[in-house]
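S.K.: Sequence:
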Amino acid sequence: MSQEPNAAAQAGSESASGTLRRMEEGTCCDGPFPATRRVDDAVIEAELSSFKALANEKRLAVVHALRDGELCACELETVLDAPQSTVASHLRKLRDAGIVNTRKEGKWTYYRIADTASLQLLDLAAALGEDR
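Letter by letter, the sequence shown follows residues 3 to 134 of the numbering used here.
Hints in this document: simulated from the structure, not taken from any laboratory. Predicted model only: the values in this text are computed from it and were never measured. There may be inaccurate statements among the hints.
Stated by the list, open to error - Mimicking DSSO-like on lysine-lysine, the simulated pairs with C-alpha atoms at most 27 Å apart in a straight line are:
(1) Lys106 / Lys95
(2) Lys95 / Lys60
(3) Lys106 / Lys54
(4) Lys60 / Lys109
(5) Lys60 / Lys106
(6) Lys109 / Lys95
(7) Lys95 / Lys54
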């Protein structure tokens with residue numbers, strides 16, 4: 003019996019680079035892989051940043067609290083029932099991801115939703131969750 007693995011076994015354990023090589027050579031599927039189907043790493047990183055920022059129950063609570071308008075950071079402490087340092091950390095992540103914007107008025111900082119797309123994303127997630 004031969005010690006060499008058969009072609010099917012090799013194909014099942016082929017690396018991603020091997021698959022890409024076959025695609026570039028035109029020996030994969032019915033035709034060439036359309037270059038437009040590759041996603042730019044910067045796009046993935048931007049989306050990942052948003053999803054990471056929203057993947058926390060406290061930050062989701064902040065976004066929901068801001069749905070009806072802006073709130074002061076101290077009001078958000080009450081919403082989250084958390085100390086100022088914890089709330090500030092969550093708000094920083096949401097701000098860095100572009101989900102919330104800030105406005106200073108004297109010594110107070112007010113937070114609001116930066117773009118309604120964030121709320122639409124949450125509405126979509128809620129609709130997807132209802133189907134389960």
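S.K.: Are the hints correct? Go through all of them and say.
M.R.: Against the structure, the hints:
no., hint, in the structure
1, Lys106 / Lys95, "18 Å, holds"
2, Lys95 / Lys60, "11 Å, holds"
3, Lys106 / Lys54, "26 Å, holds"
4, Lys60 / Lys109, "24 Å, holds"
5, Lys60 / Lys106, "23 Å, holds"
6, Lys109 / Lys95, "21 Å, holds"
7, Lys95 / Lys54, "9 Å, holds"
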